[in-house]
Amino acid sequence: MQRNPQLNERGELQHLLSIEGLPAAVLLQILDTARSFMSVSEREIKKVPLLRGKSVFNLFFEPSTRTRTTFEIAAKRLSADVLNLNIATSSQTKGESLIDTVANLAAMHADMFVVRHASSGAPYLIARHLSPEIHVVNAGDGRHAHPTQALLDVFTIRHYKGDFTGLKVAIVGDVLHSRVARSEIHALTTLGVPEVRVVGPRTLIPAQVEKLGVKVFHDMASGLRDVDVVMMLRLQNERMNGALLPSAQEYFKAYGLTEERLAVAAKDAIVMHPGPMNRGVEIDSAVADGTQSVILPQVTFGIAVRMAVMAILAGNG
Amino acid sequence: MPQPDAEALLATLAAAMHGRIGPDTALVGIHSGGVWVAERLQERLALTTPIGTIDVAFYRDDFESRGLKADVRPSAMPFEVEGRDIVLVDDVLYTGRTIRAALNVLFDYGRPARVRLATLVDRGGRELPIAADFVGGSLAVSADDVAVLERTPAGRLSLTITRSDGAA
Numbered sequence: 000m001q002r003n004p005q006l007n008e009r010g011e012l013q014h015l016l017s018i019e020g021l022p023a024a025v026l027l028q029i030l031d032t033a034r035s036f037m038s039v040s041e042r043e044i045k046k047v048p049l050l051r052g053k054s055v056f057n058l059f060f061e062p063s064t065r066t067r068t069t070f071e072i073a074a075k076r077l078s079a080d081v082l083n084l085n086i087a088t089s090s091q092t093k094g095e096s097l098i099d100t101v102a103n104l105a106a107m108h109a110d111m112f113v114v115r116h117a118s119s120g121a122p123y124l125i126a127r128h129l130s131p132e133i134h135v136v137n138a139g140d141g142r143h144a145h146p147t148q149a150l151l152d153v154f155t156i157r158h159y160k161g162d163f164t165g166l167k168v169a170i171v172g173d174v175l176h177s178r179v180a181r182s183e184i185h186a187l188t189t190l191g192v193p194e195v196r197v198v199g200p201r202t203l204i205p206a207q208v209e210k211l212g213v214k215v216f217h218d219m220a221s222g223l224r225d226v227d228v229v230m231m232l233r234l235q236n237e238r239m240n241g242a243l244l245p246s247a248q249e250y251f252k253a254y255g256l257t258e259e260r261l262a263v264a265a266k267d268a269i270v271m272h273p274g275p276m277n278r279g280v281e282i283d284s285a286v287a288d289g290t291q292s293v294i295l296p297q298v299t300f301g302i303a304v305r306m307a308v309m310a311i312l313a314g315n316g
Numbered sequence: 000m001p002q003p004d005a006e007a008l009l010a011t012l013a014a015a016m017h018g019r020i021g022p023d024t025a026l027v028g029i030h031s032g033g034v035w036v037a038e039r040l041q042e043r044l045a046l047t048t049p050i051g052t053i054d055v056a057f058y059r060d061d062f063e064s065r066g067l068k069a070d071v072r073p074s075a076m077p078f079e080v081e082g083r084d085i086v087l088v089d090d091v092l093y094t095g096r097t098i099r100a101a102l103n104v105l106f107d108y109g110r111p112a113r114v115r116l117a118t119l120v121d122r123g124g125r126e127l128p129i130a131a132d133f134v135g136g137s138l139a140v141s142a143d144d145v146a147v148l149e150r151t152p153a154g155r156l157s158l159t160i161t162r163s164d165g166a167a
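Top line first, the protein sequences correspond to chains A and B.
If you're matching positions, the first sequence starts at 0 in numbering that gives the first Met the number 0 and goes up one per residue.
If you're matching positions, the second sequence starts at 0 in numbering that gives the first Met the number 0 and goes up one per residue.
One chain only, chain A, in its complex shape (with noise of 0.2 Å):
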């Protein structure tokens, strides 16, 4: 059988590409790192010296604002230098392409790349034509994989809810367009959530998506009875202008999550969304800024799991 690309012989993350195929005990490294490293956030300096010396590129081949910024804060606070391409507006226009472009970057002695794309599978490209000194984190690629993003959404039910072992974890809105729905789906699986559900329009679900152990609901009320965590899509804009949704408001009306419909969710349960949200759209704003709304320590987190999963790999060498 042929290695996960991810790990080297030993069993050790040397990339991080996908949270397919990944044991539980490498995702409970990364959770148990990510909250040491919460400490280090709070203190008066906020920097530790595990990169001193070491070079992070970012390479955005797709905007992201939240993404890159806290990718580059965890790369800061890991006392890297960053160096952060915005390749939408550089070389790739003028034709060159993506080995190309990485191998330059690595002639100039990278140690890390940190990889958006618009096509699935970049990130595992870059990493299989580099040097495996280099290490290479993907931050989203197409419809693949966002594995950082789902690590912090485990990282942060974990923070609140303690255990994986007794949740019913509920995923709604645009599942068959999310690279972070399939990465959360993958996490909370191999964590051990028992009940994980994905909530959202036939036309927005993927075909067969049960293969991958979780229940389908096309109704809030029914897919958010009694959950313990809500775990919100964005609804992408470019959704509405083809044949799956009629409007956004036709969209809001069906599924927007709303303190109503939250209500019939475990009374103490969280409100969880990647980012950037519409609001009025999957979610109300009386819920995105209420109570049982976890979404901006959902940020903070971010940032503790990015430096975990940078100084993991450094740490494999």
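Honestly, the hints are just simulated from the structure, not real lab data.
Quick reminder that beta carbons are idealized off the backbone N, C-alpha and C, glycines included.
Once the Cα atoms are required to be at most 30 Å apart in a straight line, the calculated DSS-like pairs of lysine-lysine come out as:
1. Lys53/A to Lys68/B
2. Lys214/A to Lys160/A
3. Lys75/A to Lys45/A
4. Lys46/A to Lys68/B
5. Lys266/A to Lys214/A
6. Lys45/A to Lys68/B
7. Lys167/A to Lys214/A
8. Lys160/A to Lys68/B
So the derived list for chain B, only partly shown, Cβ under 8 Å to chain A, looks like this:
9. Phe57
10. Tyr58
11. Phe62
12. Glu63
13. Gly66
14. Leu67
15. Asp70
16. Val71
17. Arg72
18. Pro73
19. Ser74
20. Asp107
21. Tyr108
22. Gly109
Put chain B on the given structure of chain A with help from the hints.
Below, chain B without anything else, positioned relative to chain A:
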């Protein structure tokens, strides 16, 4: 071989510190053994400032060869480090690299007025210009021997030396 008596070493260490620390002195234990020793010293010396704890994992100089251990405990300074008289506490003083890392952690919290070092045992073998101010005792062991401090649920300390030839 006879094992050292950790409780007797602790008594000697506490006696060495008695009268040489002020009411505002803070003990900072280095995980894990140093924290246990600091807790016991805190009690014996009747100090009122809560103890700080340091995990040096994020500051080690062998990170690239050994990687990051998973169970790094958060460092905590439940007092203002700036201008404070501090005694770093460790269980076994050896190469001095842990103490170097611990000093770096400490200075990321502020600028202490003074830092001294207390250790339950000094086993020699220093690789850096670091010395302890307070010592419970010294151990004559060779470089391959391993000294491990353990704590019973009741809080008693025991020190076990494992010789490189395997004999305890």
